[in-house]
Structures are given as structure tokens and as C-alpha cells.
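Protein chains in written order, with UniProt numbering: chain Z, 1 to 538; chain C, 1 to 204.
Bear in mind the hints are in silico, worked out from the structure with no lab data behind them. Glycine included, each C-beta is placed from N, C-alpha and C at the ideal position. One thing to keep in mind: the hints can contain errors.
Claimed, not checked - Here are the in silico distance ranges between beta carbons for each label pair:
#1 Val360/Z x Ile141/C: 48 to 58 Å
#2 Gly145/C x Glu494/Z: 42 to 52 Å
#3 Gly247/Z x Asp43/C: 28 to 38 Å
#4 Val360/Z x Val172/C: 40 to 50 Å
#5 Asp43/C x His67/Z: 52 to 62 Å
Okay, here's what each chain looks like letter by letter:
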Amino acid sequence: MKTNRPNRLARYWRATLLAAALAGGALAGSAALAATTASTADHAKFKELQQSFASGPEVTKACLICHTEAAQQVHQTKHWSWEFLNPATDQTLGKKNVINNFCISVPSNYPFCTSCHVGYGWKDASFDFTAEENVDCLVCHDTTGSYRKLPGLAGHPPYQDTEIPPGSGKFAKAVDLTKVAQKVGRTSRDTCGACHFFGGGGDGVKHGDMDSSLAAPDRELDVHMDATGLDFTCGTCHRTSSHDVPGSRYTPVARDTEGAHIPGREDDSLPATCPACHGQAPHRGGGHAAKLNDHTDVVACQTCHIPQIARGGVATKMSWDWSTAGQMGPDGKPMLKKDEAGRVIYDSKKGDFVLGENVVPEYRWFNGEVTYTLLGDTVDNREGVTRINRLGGSATDGKSLIWPMKVFVGVQPYDPVNRTLVTPHTAGNDDTAYWKNFGWERAIKTGMQVSGAAFSGQVDFVRTEMSWPITHMVAPKENAVRCGECHMQGGRLEAIGGVYIPGRDANPLIDLFGWLMAGGALLGALVHGGLRIVRRNG
Amino acid sequence: MERIYIFKRFERFWHWSQALLIILMMVTGFEIHGTYTLLGYGDASELHTSAAWALIALWVFAIFWHFTTGEWRQYVPTTENLVAMLRYYLSGIFTHAPHPFRQTQLRKHNPLQRLAYLGVKLLINPLIWLSGLAYLYYNEINAAGFGLDLGGVALVHTVGAFLMLAFLVVHVYVITTGHTWSSHLKAMITGWEEIEDPQAGVKS
Numbered sequence: 001m002k003t004n005r006p007n008r009l010a011r012y013w014r015a016t017l018l019a020a021a022l023a024g025g026a027l028a029g030s031a032a033l034a035a036t037t038a039s040t041a042d043h044a045k046f047k048e049l050q051q052s053f054a055s056g057p058e059v060t061k062a063c064l065i066c067h068t069e070a071a072q073q074v075h076q077t078k079h080w081s082w083e084f085l086n087p088a089t090d091q092t093l094g095k096k097n098v099i100n101n102f103c104i105s106v107p108s109n110y111p112f113c114t115s116c117h118v119g120y121g122w123k124d125a126s127f128d129f130t131a132e133e134n135v136d137c138l139v140c141h142d143t144t145g146s147y148r149k150l151p152g153l154a155g156h157p158p159y160q161d162t163e164i165p166p167g168s169g170k171f172a173k174a175v176d177l178t179k180v181a182q183k184v185g186r187t188s189r190d191t192c193g194a195c196h197f198f199g200g201g202g203d204g205v206k207h208g209d210m211d212s213s214l215a216a217p218d219r220e221l222d223v224h225m226d227a228t229g230l231d232f233t234c235g236t237c238h239r240t241s242s243h244d245v246p247g248s249r250y251t252p253v254a255r256d257t258e259g260a261h262i263p264g265r266e267d268d269s270l271p272a273t274c275p276a277c278h279g280q281a282p283h284r285g286g287g288h289a290a291k292l293n294d295h296t297d298v299v300a301c302q303t304c305h306i307p308q309i310a311r312g313g314v315a316t317k318m319s320w321d322w323s324t325a326g327q328m329g330p331d332g333k334p335m336l337k338k339d340e341a342g343r344v345i346y347d348s349k350k351g352d353f354v355l356g357e358n359v360v361p362e363y364r365w366f367n368g369e370v371t372y373t374l375l376g377d378t379v380d381n382r383e384g385v386t387r388i389n390r391l392g393g394s395a396t397d398g399k400s401l402i403w404p405m406k407v408f409v410g411v412q413p414y415d416p417v418n419r420t421l422v423t424p425h426t427a428g429n430d431d432t433a434y435w436k437n438f439g440w441e442r443a444i445k446t447g448m449q450v451s452g453a454a455f456s457g458q459v460d461f462v463r464t465e466m467s468w469p470i471t472h473m474v475a476p477k478e479n480a481v482r483c484g485e486c487h488m489q490g491g492r493l494e495a496i497g498g499v500y501i502p503g504r505d506a507n508p509l510i511d512l513f514g515w516l517m518a519g520g521a522l523l524g525a526l527v528h529g530g531l532r533i534v535r536r537n538g
Numbered sequence: 001m002e003r004i005y006i007f008k009r010f011e012r013f014w015h016w017s018q019a020l021l022i023i024l025m026m027v028t029g030f031e032i033h034g035t036y037t038l039l040g041y042g043d044a045s046e047l048h049t050s051a052a053w054a055l056i057a058l059w060v061f062a063i064f065w066h067f068t069t070g071e072w073r074q075y076v077p078t079t080e081n082l083v084a085m086l087r088y089y090l091s092g093i094f095t096h097a098p099h100p101f102r103q104t105q106l107r108k109h110n111p112l113q114r115l116a117y118l119g120v121k122l123l124i125n126p127l128i129w130l131s132g133l134a135y136l137y138y139n140e141i142n143a144a145g146f147g148l149d150l151g152g153v154a155l156v157h158t159v160g161a162f163l164m165l166a167f168l169v170v171h172v173y174v175i176t177t178g179h180t181w182s183s184h185l186k187a188m189i190t191g192w193e194e195i196e197d198p199q200a201g202v203k204s
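Given only the sequences and the hints, what does the whole structure look like? Please build it.
Quick look at the structure:
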């Protein structure tokens, strides 16, 4: 593990400057906060917004009168295209294309999945990606908390009071577009969280380090987002320019070797990494702090500073078994089973779940390279486990750090003849959607047709695994992982190879000889001394 | 019985603070090594490092003292009486034979002691120090272009620790072989050693 770092003195001065800057910032305290939250414009005074809007696209047209470039900027992003070409692997990724082991895939389920699209009307492949008015400004810029997009409406909010789900007797109120439009503002934990907290079909399901508890977290849960403290929004770290949000899980920066980015000194960029603010020597002080800093070439900040995931009281899914879906209740109708805490652990539509709170992550070498198992790639349930995503990384490539991961296990349908993953049509009111009809063959046939992939008609299930690098829910330093939790046998990093971890590793031969030698010396002394005592008395 | 002033004040201070530090470093060191859990890895490691620096400082003074006072000559190895000493430890000590070595201020240590302490000073200490400093500054050393392997450094350090442990065990036992079981210990505390009457053939 060779390091290539600026010398300690330079880092020391840089840290000192940063500390001074931060101290200065802290003195400016409330004034600075006020400056970032107050806007120079009151959108309620704009006559363009003083009208009643019949639909989201009408609001967008009004926004674009002033924000002339905004829609085109959004059009360039993954938030819009749900497509991403990974230059490192040449894989075409993005929500539109990848398969996961949660709700599996998007294409035949557009009207439901696209309730989390930053657009209006994406109900099938014919969606017009060039239409500027199809961009949904409000979903990210709402400050009222009343704007909501519903599954099944293809990204539209309810324009009338809408029963959701149909037949449930529960109604979502129609959104007051005028009110929402007149109160637009910066993005917030709530707006980002409206989708990102609920990935995988529910609160906290997917990520483990993102759920609704981050809407207003305390210091224990997230030291940066602490609503009564630093009060970071998502955008504080994912500092966005031209609507292009940095920080990608398709091509994450696993090891940022640069120092802290100080505006005006280096450049204006702020990658969504810890070192972007904290630099490469984040622990201040001598001795112990210096030893902690010595870890930064091997261990990601997250590994020590996110001791557990799902710490905010919201459980995350740890596994999902689709193969048990379709069992009906005694009344012959779809059913839910709940655990003692009232959380759903079986759903006829989806199968069995295992939930977890305060989950200790798993740890892997990770260099930021992620390769996906895509539709058409060969899989087989005789091979133990199929990795939905494979992480690059090793102790020796110079680009990896040890990262915490949520490793999510799924059992999901696949085509045992063609040996490919499949894209079932799950959501919909038609006669093939799995969640309505509970027939895998029909659901998968429809889904694979929409995906344009071959399907043999046979369905079996395959065990899959997906790794989610953990980076949110950063605990205060006093709650960081203790040294001894890794520096021990059977500790957190037990499975990590390629690195000598004091306390975990030892040469058994040296230990054996050492103890024999010391023990032999002790035995010799005891025998010798015993003889002397015996002889003295004799 | 005769008493002679063998260990000067600084020497005794050096010996006992060194003993304390070495035992502290053994206790914390073997915890760091994963042998047991006592203080917790982080505290053990911090204490181990602090004690190391204290010991290094102590040693700087001790080395200075040895050379300015000429006491370093006490460790020059000799073969004179070596075999006799060995024979004494192996048999004479059980038959109350006279001690073959007579301590003086210029020759405090018997020939076996000389060899043992010289071994500690020239072999075990440098082994532990160099590997320990490499352990501590491992990142900096490698950043400077060396290709140190932490496992190798730790291995050398562990070997040194085991040698020191074995030395400590033997040392603690052998101090009981003076004129009485505790006369060596008393000497290291008070400075004054009780020695046998040179005329007496057999211990009373």
C-alpha cells in the first residue's frame, strides 16, 4: 500500500487554513445560514405563476419563461434519461436498463416506476424525451411538502382527488399546482428523499443508509444533516451545477486522493466525497489522530464513521424472496404478514422479506468499478449466487479502499432455458401484470416482450446478490467504530484479505515458538528455584 | 558480610522506570497482537506508543549516562569465570558452593549477566526499536518510496517482544540467586549489595 501524498507539513498547513476558515465560518454562523436559505425572489409575485394550472407541464412552461435553460439542462441528466453509459465497462446502465433484485425492472411498468421520474407522462417507450414541458420542476423544487406523484400516473401528480391504491378507500388530495409553483425554492432533504428514501418500493427498502428518518435527523443519526445542527441538505455535498447532480453509484469515486477543495484555491468543484471537504488528514492533533490518518490509504471514511445502517428507526430490506410470492390468504385473496413490530414480512405480490435495523454492514475492497449483470447475460441457479452487480477492487490496485456495503440478497425469477434474468411485468391493471394476476409466465412474457428479449416460457428462481456502497448516516465521531472492532479476530474486517491487520493477523509459527520459549524459561526458573529450595532444606 | 554501593541513583531510576515501561509495553503489546483483550485495542495502542516514546527518551539519557560515566565497560563481554558461572548455576548453587564471582563497583555483573545484558542492548532492543518505529511510521516510510510490508514489520516486532519476554522471565528469576534470595533486589532498590564475606567458604 504505497501512498502518494503531499508531505505532512503541507497537509498540516492546509488543515490549519481549513480550520481557520471553518472557525471564521462558525463565527459568521447564523448570518451565513440565513444567506443560504433566503431567496432574492418571491415567486408568488411573478404574474406568470398567478394563474391556475391544469397540469404539471403547464407549470413547467411558466417556469421556463424565466429559467430558459433549465429543461435542457435536466434533459442531459440521468435523472431525466434513466440511462447511463459507463465508459469504464461500456455497459448501458441507468434505471431504464438495469435489473435489480428489488422490484426487478422498469420497462413494462413505466406508469408506476416513473412516479419517481423528474418528468411528466413517461408511460411507455414512446415518451418524448425532447419535450421541455415534460420536465417536472416541482418534484425537486417544492417547498410546501404537498406535491406528490402517485404510482400509476406516469409521473403526474393527482390533478383530482385520487383513490390510491384503487379500491382502498384512501384518497390522495389533488395537488394545488398554483400554490406549489408560487413557493418553489431550493431542493431539500424532503424533495430528494421523496424518491431516494423510498427506493425499492418503500421507506428505507433499498439503500439502508437512506430513509425517511433523514428528513429531519438528529446528530446521532447524521452528524452533517442534523436538523438542529449543521442541517446539511443533500445538495450540500451533492453540490449541483446546471442541474447535474454529482455523486453516482454507477461510477462512484471510491478513493478520492485529492485534498480538501477550498473554493478559489483549487477549483470550484466539490465531488460528493468526504475528502472533498475533510482532506486526506481529517483527524486533527498528534499521536492518535496521526495514526487514524494513517488509515486513509486503506480504509474509506465511511467504514469507521457509519457504524451501522438503518439507524433511524426505519428498517431496510436485507433479503427478498420472490419465489414464495403468490400465496393467498384463507379468503383466497392476496395477503400481508407482519412481524411483531407491524412491518410487512410477507406480501402475496412480492414474497418474503427479511428486514433489518441497525445492521452492521459487510466490508469489501472497492475501487469504484461496478459491473452489472444485465438482461441477456448468462446466469444459472446452479452457480450458487448471481451477482447483480460486481464490485472491482483489491488490496493491491492502488485505487481501492475498504468500504462498507449493504449486501442485499434476492431470490428472483429467471429463464432456466435461456439462462437469463427476466423483466416481469408486475404493476398494472391489465390481465398479465403479476400483482393483479399472480401468474409468472404471463407476467414475464409481457415484460420480456416490452424489453425486446427472448423468453422460453419456463420460469425458475435464482439466488442473487447486490452490493450497495454505504455513504450516508454518518455518525458523530464519538460513535465511530472502535479500533478493536476491526483489530481483532472475528471482527468486522475478518473477511478482508490482502492487508495485515494488527490484532487480527499473526504468524502462528512465531507465536508458537515465542510462547514455547517464554514458557520454557518460566518452567526452567521454577524447576531451578524448586531444586534450590529443596536443597536448602536438605 | 559486607555491603558495597553498586547501583547509583540514576542507574536505579533508569532500571525501574525501564522495567515499568517494558512491562507496560508487553501488556499493551500483546493485546495489540491479539493475544487477549484488556484495555481495548485503541487505548492499548495509544498507551503502547506513549510508553515507547517515554522509553526512547529514557534511553537517550541512559546512553548518555553510560558513555559519560564509562559504565558501558560493565557490558564488555569476558570469558573469565564464564564456565565457572555456568557450573555454579547448574550445580554449585544447589550444593551451597561459593559464588565464583565477586562483585565490585567496577565489575557489577557476572560474566553471564554481562552477556545477557549486552544481548538485550545490542540485539533485542534494536530489534524492537527499529521494527517499532517502522511500525509507527510505516505509512511515511512507504510514502518515501520504500516497500515495507506491515506483516513483516509486525513479525520482526513480535519476535523481539518474545525475546524480551523470555529475557524478563529469566532476569526476574536470576535476581534471586544473590547472597540471599532478595539481596540483588534490595541492591537495585537501595543501591547497596550484600556480598559474601570473601573469607567465608560456605554460606551460613
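Status of the hints after comparison with the structure:
One distance hint, 48 to 58 Å for the beta-carbon pair Val360/Z and Ile141/C, is violated here, with the actual separation near 33 Å. With their beta carbons about 32 Å apart, Gly145/C and Glu494/Z fall outside the hinted range of 42 to 52 Å. The given range of 28 to 38 Å is respected by Gly247/Z and Asp43/C, whose C-beta atoms sit roughly 36 Å from each other. In this structure the hint that Val360/Z and Val172/C lie 40 to 50 Å apart at CB holds, the actual value being about 43 Å.
About 56 Å separates the C-beta atoms of Asp43/C and His67/Z, a value consistent with the hinted range of 52 to 62 Å.
Violation of the numbered hints given earlier is confined to hints 1 and 2; the remaining hints are satisfied by the structure.
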